[in-house]
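Visitor: Here is what each chain is made of, one letter per residue.
Protein chains: 2
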Amino acid sequence: MQNIYQQMGDAELASALQELEHEVAEVKARGLKLDMARGKPAPDQVDISRPMLDILNSSSDLTDEGVDCSNYGCFEGIPSARRLAAEFLGCPVDQTLVLGSSSLLIEHDICDMFWRTGTCGNAPWSAYAAAHEGATVKFLCPAPGYDRHFGISAELGAENVTVPMTDEGPDMDEIERLVAADDSIKAIWLVPKYSNPTGVTFSDEVVRRLVGMKTAAPDFRILWDNAYCVHDLYDETDELLNVFDAAREAGNEDRVVAFASTSKITFPGAGVGFVGASPAVIAEFSRHMKAGLIGADKLNQLRHVRFLPDMDAVHAHMKRHAEFLRPKFEAVEQKLTEGLGDTGCATWTHPRGGYFVSFDGPEGSAKRVGALCAELGVKLTPAGATFPGGNDPRDTNIRIAPSYPSVSELETALDVLVLATRYVAAQLAQEERA
Amino acid sequence: MQNIYQQMGDAELASALQELEHEVAEVKARGLKLDMARGKPAPDQVDISRPMLDILNSSSDLTDEGVDCSNYGCFEGIPSARRLAAEFLGCPVDQTLVLGSSSLLIEHDICDMFWRTGTCGNAPWSAYAAAHEGATVKFLCPAPGYDRHFGISAELGAENVTVPMTDEGPDMDEIERLVAADDSIKAIWLVPKYSNPTGVTFSDEVVRRLVGMKTAAPDFRILWDNAYCVHDLYDETDELLNVFDAAREAGNEDRVVAFASTSKITFPGAGVGFVGASPAVIAEFSRHMKAGLIGADKLNQLRHVRFLPDMDAVHAHMKRHAEFLRPKFEAVEQKLTEGLGDTGCATWTHPRGGYFVSFDGPEGSAKRVGALCAELGVKLTPAGATFPGGNDPRDTNIRIAPSYPSVSELETALDVLVLATRYVAAQLAQEERA
Chain A
1086 MQNIYQQMGD AELASALQEL EHEVAEVKAR GLKLDMARGK PAPDQVDISR PMLDILNSSS
1146 DLTDEGVDCS NYGCFEGIPS ARRLAAEFLG CPVDQTLVLG SSSLLIEHDI CDMFWRTGTC
1206 GNAPWSAYAA AHEGATVKFL CPAPGYDRHF GISAELGAEN VTVPMTDEGP DMDEIERLVA
1266 ADDSIKAIWL VPKYSNPTGV TFSDEVVRRL VGMKTAAPDF RILWDNAYCV HDLYDETDEL
1326 LNVFDAAREA GNEDRVVAFA STSKITFPGA GVGFVGASPA VIAEFSRHMK AGLIGADKLN
1386 QLRHVRFLPD MDAVHAHMKR HAEFLRPKFE AVEQKLTEGL GDTGCATWTH PRGGYFVSFD
1446 GPEGSAKRVG ALCAELGVKL TPAGATFPGG NDPRDTNIRI APSYPSVSEL ETALDVLVLA
1506 TRYVAAQLAQ EERA
Chain H
1086 MQNIYQQMGD AELASALQEL EHEVAEVKAR GLKLDMARGK PAPDQVDISR PMLDILNSSS
1146 DLTDEGVDCS NYGCFEGIPS ARRLAAEFLG CPVDQTLVLG SSSLLIEHDI CDMFWRTGTC
1206 GNAPWSAYAA AHEGATVKFL CPAPGYDRHF GISAELGAEN VTVPMTDEGP DMDEIERLVA
1266 ADDSIKAIWL VPKYSNPTGV TFSDEVVRRL VGMKTAAPDF RILWDNAYCV HDLYDETDEL
1326 LNVFDAAREA GNEDRVVAFA STSKITFPGA GVGFVGASPA VIAEFSRHMK AGLIGADKLN
1386 QLRHVRFLPD MDAVHAHMKR HAEFLRPKFE AVEQKLTEGL GDTGCATWTH PRGGYFVSFD
1446 GPEGSAKRVG ALCAELGVKL TPAGATFPGG NDPRDTNIRI APSYPSVSEL ETALDVLVLA
1506 TRYVAAQLAQ EERA
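Protein chains in written order, with the working numbering: chain A, 1086 to 1519; chain H, 1086 to 1519.
Each statement offered as a hint is correct.
If several chains are the same, the list does not tell them apart, and a pair holds so long as it fits within one copy or across any two.
Straight-line C-alpha distance at most 20 Å; calculated SDA-like pairs for lysine to any residue:
#	residue 1	residue 2
1	K1375	R1201
2	K1375	A1239
3	K1375	P1467
4	K1375	G1236
5	K1375	M1198
6	K1464	I1379
7	K1299	R1333
8	K1118	V1152
9	K1375	T1466
These are computed hints drawn from the structure, not numbers from a lab.
All values reported here derive from a predicted model rather than from experimental measurement.
Assemble the whole structure, with the sequences as input and the hints as a guide.
Guide: Pasting the structure below:
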């Protein structure tokens, strides 16, 4: 279907372009400086976790169920934190490790283990090329997705393979077809709930197909980054099937490695990261990590579990986060609907949680829209970043991160995005005729 | 020279053995349970850092020179912490990174980078074998040394090569000979001040030879774990040459990678770890780490720099640690001198800092002494652990870690070590005659 600019007559389009150029010049003159680039909570939102800083003081009991959190030891994480991690991840306590402040780093480290030493008795992924005439190990990357995931596998030297996202999760027909035929496909990156950036929560069927599908590689791994597992915007929340239960039922327990952290619950970058996996994979990862780590920061684990002792406390805290985020997501929805809703120039997602809205303009528009927004003082996640190698094949996708600016700044930034999208859409319509 | 048991006549030795057996049985009956295994500070010593837990509270300013420590960002570490790290490491601020709570993990991660991706344009160390008919990359391991260092290179798949320690540092004649001839030797593990476990501080000449020597490998790296850089027991401290200055003078700036942490300054396992290296190596390590890390825990960095804002504060704090440690080291010296001083059965080091005393019994004694101590309720670092692969070729070395027990527990534990050493020495003398 054509957008409004494509539908215009030549004179009408020329006049619309002139009008839009005028608006662009006006906005440029305002010298804006706004940032919708990264999924960072706003300072006032972060401040709701400040009471956690009062929890440990010089006279506190620094033990957790007999573990002295002020000295070396307890590699696997303190007992209370592991119990909380098990609830986050949906697996038994024994199958968890509570490590440092970054789940991304745990993801990196476990992929590094797969790469260097292999998993469950299979050859190291780094050895694949030598044994297969230079063929490289591949990671499946449902896209739009999370750029830092794709960065981890790229840095290892793997080939990232783009697969489409649908509104129920990744395109399972395509994935099943690929993994059944190619044993160089060793892993898939997934954000199963309120996915980054689409906000999609995987359907039960998608989860079951992921854990049940036949893979040519015996050591295929699902990298299940449940970063937004409790990051609901509304009382009525998306529900995600327990992936560990489903994997066990399917007889593919070793396939799933799940991650979560408190980074967007307490303090971003100063939280606690968790990993959960089958007994075999947790055991091998523990051995691997113990070569370099006596134990993670147990005082920060203790601070966290005393602040958020159970899931009820977590959910209550997340409701307070939602009060900051909901108006911002609603502002995105409203501004985009008002500015682009009847233009045919764009589509976008309507997440009920997480940190992002995924926005698609006309084909070939995203890089130009991003550049124009930058010129107008609005910083966006670089166009293409949501695809492996920064290569969005249709150049349509922009990730909107509404959390950091205030609502009024956000509204201004969205006005700019709307204007830039309309202007580029009109330019493209003009260029089609040239 | 023969020890007292070797010098005895047969009857005298038999009677001495009977006497020792009797003492051993008496001690066994006491059912002791003491631990001299790891370099952990004692609980009362750790408690001197508790005031650090009062430093950040819910109303604190959480910024450091404009950096918001409560949100994502600032991968390289907060400005104040980097300045402190630069003083610890003896290199410019720009050449430091302040990361998570474990310097051991930083050591692991940078070795992993050398292994997987190489350094300064050279081939990955993992590629050496394929290019050299299966020959493995080697790490030099001055021994007795730190078991966890040797564990990192072993886990990577490198071959650990033992070189002797002298009372001025590692045996430089041997090291120069090895590295000049063999380009598979890529690195050396070093604890340059109050070394683990000998307590030796490297002489200026050793430092200069290490940074100046000709190496067949262009990508040879010195892994300079300055874990005990401020861990003096006495006002008169050992002095260590600045390795970065010396390396620059020698034109081998890229050779040195230095590490330190606050683990035995504030809270073990919950401190802050640092790394310093040449601009080129820090830049490549930053790129490597950024694939998996947005930033380390900046709130813990902030807590640390407000508690210990400069080196004067650090040294004042370390003097308080020394008050706990000095009597323990002096108890070791006294008990060993009293119990073994005129026997010819053992030698030991007399460190002026650090966490360990290195003890050598008769050849072929260490495993038996360790097993007997365990039977008598005294846990020691496993005999051999101070050598790569746990293989002490002469089976003489035991690492004494006096920090964790109280002075009176320590005295009891040392009485047991003395008894076990005498008993095993007498047994060995007996066996020599059989």
